[in-house]
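All chains, please: the whole structure from these sequences, using the hints.
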Amino acid sequence: MEVRDLVALAATGDRAAWEALVARFERLVWSVARSHRLSDADAADVCQTTWLRLLEHLGDVRNPDALGRWLATITRNECLRVLRHRTRQVPTADEEIPQQTVPADVDARLLARERDAALWKAFATLSSRCQALLRMIATDPPASYEDIAGALGMPVGSIGPTRGRCLATLERAFAGARITA
Amino acid sequence: MAPRFHRSGEDDDTPLVAELGRLFDTVDPVPESVRIAARAAIEWRTLDAELAALVHDSTVDEPALALRGGAGPRALTFEAPHLTIEIETEPEQGAARDTLRLVGQIVPPQTAQIAVCNGEDLVATSADERGRFSAPGLSAGALRLRCRLDDERLVETDWLTI
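Residue numbers (my numbering), protein chains in the order written: chain A, 1 to 181; chain B, 1 to 162.
One should not assume that every hint holds.
Unchecked claim - Pairwise CB distance ranges (calculated):
hint : chain 1 : residue 1 : chain 2 : residue 2 : range
1    : B       : Asp150    : A       : Thr125    : 37 to 45 angstroms
2    : B       : His56     : A       : Ala23     : 37 to 45 angstroms
3    : B       : Leu16     : A       : Pro141    : 12 to 20 angstroms
4    : B       : Asp158    : A       : Pro161    : 30 to 38 angstroms
5    : B       : Val27     : A       : Asn63     : 33 to 41 angstroms
6    : B       : Val103    : A       : Leu83     : 16 to 24 angstroms
7    : A       : Asn63     : B       : Val107    : 17 to 25 angstroms
To be verified - From the structure, some residues in chain A lie toward chain B, with a derived Cβ separation under 8 angstroms:
hint : residue
8    : Gly13
9    : Trp18
10   : Val22
11   : Glu26
12   : Trp30
13   : Gly59
14   : Arg81
15   : Leu83
16   : Asp140
17   : Arg172
Please keep in mind that the hints were generated in silico from the structure rather than gathered at the bench. Where a beta carbon is used, it is the ideal one built from N, C-alpha and C, also for glycine.
What follows is the structure, encoded as structure tokens:
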């Protein structure tokens, strides 16, 4: 079913339509939150904020084709808000310190194949910007360059060239990681 | 010149990108709790909520505290039939704009999904197993809390002004 039909149905309270919308975009929303290096708890809150806001505005969605970009932008803005407030305040002892969201050492049970472990290690050597961009590119279903621009606050025209550079860097690092694995 | 509306999936037949995507799905998939909460969000609209009425406000009930030294947190208590929500609000230190931070406690302690409605904004957070939650960066103005408990009941507070 088309996104515009799902939006219209969900606006009437149709649960199946709402769940289909969530299923369609939840990886996009999650990957935006994780690209901003939020902790598990903060990323979860940011995603839920995005969904609740979408729910509030379902009736206002004028361009369903741009829904991916809208969701990515809302998620990004909420990530920035969380990050701004964290840096301003002195964390108390029982507040979580945000984890590195792209760990260099991954649980070996998750990446049984040496090749996967090597790719992950190579990915961890990339700049934050490349990691965030490639994560968005690799998320299924594919995000448009406009979605990604909204998610990362980059000009649309720079996405293509940056993607090319980041992939080339990843390929080189991957080749190196496999030799030393 | 890059196309204005480019669907990256079309030229991402790069095997490496596909491989990377599979890796993310393995090491950092959307957590089940996040997937469930997102789907359940529609119930915020469709279920009736119990009202948690404001039964205590330190600025009203203990005005002397406000006069003495001024800068203590404002304490508010909301009562619903089966639970109480206690919150404190206070100005954030070192904030660029005048923002407020809220900390809260659900009694009896329990986990819950919480939507903090602050004027036009809506921010989601959650209460931990001790019923504690917090929300920074709030603006002075209208505030209401909506709580979705684990047994799927909805509780919402009165609107008030912070």
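Hint by hint, here is what the structure shows:
no. : hint                                         : result
1   : Asp150(B) with Thr125(A): 37 to 45 angstroms : 42 angstroms, holds
2   : His56(B) with Ala23(A): 37 to 45 angstroms   : 43 angstroms, holds
3   : Leu16(B) with Pro141(A): 12 to 20 angstroms  : 18 angstroms, holds
4   : Asp158(B) with Pro161(A): 30 to 38 angstroms : 53 angstroms, violated
5   : Val27(B) with Asn63(A): 33 to 41 angstroms   : 34 angstroms, holds
6   : Val103(B) with Leu83(A): 16 to 24 angstroms  : 20 angstroms, holds
7   : Asn63(A) with Val107(B): 17 to 25 angstroms  : 45 angstroms, violated
8   : Gly13                                        : 5 angstroms, holds
9   : Trp18                                        : 4 angstroms, holds
10  : Val22                                        : 5 angstroms, holds
11  : Glu26                                        : 5 angstroms, holds
12  : Trp30                                        : 4 angstroms, holds
13  : Gly59                                        : 11 angstroms, violated
14  : Arg81                                        : 6 angstroms, holds
15  : Leu83                                        : 11 angstroms, violated
16  : Asp140                                       : 5 angstroms, holds
17  : Arg172                                       : 11 angstroms, violated
Violated hints, in rising order: 4, 7, 13, 15, 17; the structure is consistent with all others.
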